[in-house]
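Colleague: Given next are the chains, with one letter for each unit.
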Amino acid sequence: MRWRTKQHIGLMWWLGLSLTTGACLAVAAGTALVQQRETSPPMRLVPVFQEAEVKPVEPRRVLQHDGEYFILDYKASRILVYDRAMKFERSIGSVGAGPSEFFHPDDFVIRNGLIYVYDEGNHRIQVLDLGGKFINQFRLPYTRGLAVNSKGEILVGQPEEGRLVSAYSKDGKLLRSFGELKSFSGVYGEQHKDKDTKYQTAINRVALTVDSQDFVYVTFVVAPIIQKYTPEGELVFETRLRGPSVDLLTHYVVTEAMAKKIVVQFMGTDMANLTAWESSIDPRNGNIFALLPDNALYVMNGEGEQVAIFTPRPVEKARGYVYVRRANYSNAMMDRIYRGRALMFGRITILSDGTTFMVALFPPYGIYRMELPEQV
Amino acid sequence: MRLAWQLKATLTAAVFITLNLGCLWIYHYYSQQGHEFPTSSILSYGASAVHVLDRLGLERPRPIENRWWLILYFGEDSRRWAIPNLKYAQILYERFHTSGLHVVGVVAGSFPEAQRLAELGLIAFPLIRDRDLAIARALGISSGLDACLFVDPHNKVRFSTVDFFDPEDLRQLTEKFLLGRASHSSPAAEIRLQEGEHLPDIMLVRINDWRLLQLDEIRTPRLFIIFTATCPVCRLSGYLDQYASIERREGVRPLVIFSQNFSRDEILFEAKKRGIDTSYFYVAAEALDDTEDPYSWSTSGGAEVLVIETDYDGTIKRVESWEEWMSRWEGGTSS
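First to last, the protein sequences are chains P and Y. Using our numbering, the final residue of the first sequence is 376, and nothing's skipped along the way. Using our numbering, the final residue of the second sequence is 335, and nothing's skipped along the way.
25 Å max Cα-Cα, derived PhoX-like pairs, lysine-lysine:
(1) P/K173 to P/K151
(2) P/K173 to P/K133
(3) P/K133 to Y/K156
(4) Y/K176 to P/K133
(5) Y/K176 to Y/K156
(6) P/K151 to P/K170
For the record, the hints were derived by calculation from the structure and aren't laboratory data.
Please construct the entire structure, taking both the sequences and the accompanying hints into account.
Modeller: Structure follows, in structure tokens:
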């Protein structure tokens, strides 16, 4: 009996010690994570184009050309043009399948006085002049990633065709392709070998951008990887994004249980998790800004070295409703908490003067100008 | 008895085969943009269409010259949007039939939910079953996908997509082709109606008996709930669930107005399922605003549902969103 009591006391001590140690470790880890997030500088978001006479229904991207702002309106199948003061000037295009008509236009680029539109619903690239006059078009199956270099070559991601990046002429002639396709296990480890076939297309889905010297930046959408290529297509560097945000997002990607809860889906593939939306280059210093789906902004210098990570915070309450979503993979849950009023950004554009626009791709749609506490 | 049954079965089979072969022929030759589309073959399917003006007791329009066809195909793998699209096609059909819109729905394989819509009379346009996927093959639709075609009065296919499309797309395309311009909502705009203004006197259709009347004729209730939606078929169930919860409370008898974007038959059907009294339910018979968004006094992103309190003379005392009103209500501060 006595021996048993001693045994019980020992067991209790052991349990107590284990629990205390576990709790301490958990608190320490949590504090470290919070500190890492808290010490990152906040970004201020200011809603823009709110007072315009005509507003985009579902904006996809904001560009600037000769002082005018161009906004691609996905759901209304049009491009809205505003003056320097963000006052509405004119609308280009309308819904349909004819020349200068669009159906779910997903992305666009303005280069050398021409507008290049990825007209997703009509499966084509359409080229228009700045007045909206039809110039040319060519058919293109579903893609993600659109960039145009100074020669007017159109770059698109085409993993379905077995090519990472393809370059087309304005009339749709395939000029060249570059980049090596990746495998899921190559990115996330040999233990995921069984996913290689299933996610062959998804893992090679990329977003594209070019800088002023035509260097091409390839952002892998479901892998934490950014590559830089010369204008001819030679790899300059490949860098892997690191940090708490990336860890969290990659965790979702490799966890099958979470994958089932994902709301967003890609066309033609059942792989819907994301680790990065896309990147944009700061024209003033060549810094690379990668927009992550938890709204963190990952900043690298031109050599691919990490400069800063900006974490999302509910810093701006426009109309008393707007919040910024953080790791938003439980979309349904977040919608319940925020009653569908939390922002989720998906597009980033940096203008020549450093003005940065971020576009919320899910309700409540909107365009926000990002202001950082200090220039990076 | 046995002979009659055999005769009936033979006739049914003959009609089915004819319909299928007819569709096959039509789609095979005319599904590409710019190709001519026949007028005669598919017109026979329109025979079962119920004209909304007939039901309102209004004069039937002259024979339609500006005839457009909206053809919707729903494959076996894409059922998620099929029912909302079919229901919304009915709304478009009711609104634009007098302007020349004809609608045909085609569903692949077995699709009891769609069949039920037709049986309940919730869609008045013809619904064809592509039992052996012959139409899909003729159209070149990949297995299981949806397709949408618009055919103009000159029998040219003016728009076709084998892709994702929703009721809002159908509305825009229909307006573009039949009115020449698609309207768009303004998601970030403020509520347009202001306190002290007079509630606009619009024409309404009473849901229970199709009676037409002006809003000014109804002055008894002082609380109005205005339901609008860019995707009414996506929103209706949720709206009625919420409405049912307030209807059970004593002392609340608002006048409920649905924008003309909603189907009267579907409102009745869904309300009946929930045991909601529809005596004070109306559907707008005209646009609620003549600005860019023709369906709403407010906006799609801001407030799709408005709650308005007025004086007896129609002067607005308070305008708020449904959520604001509900939170006041749940907090016990609503009158």
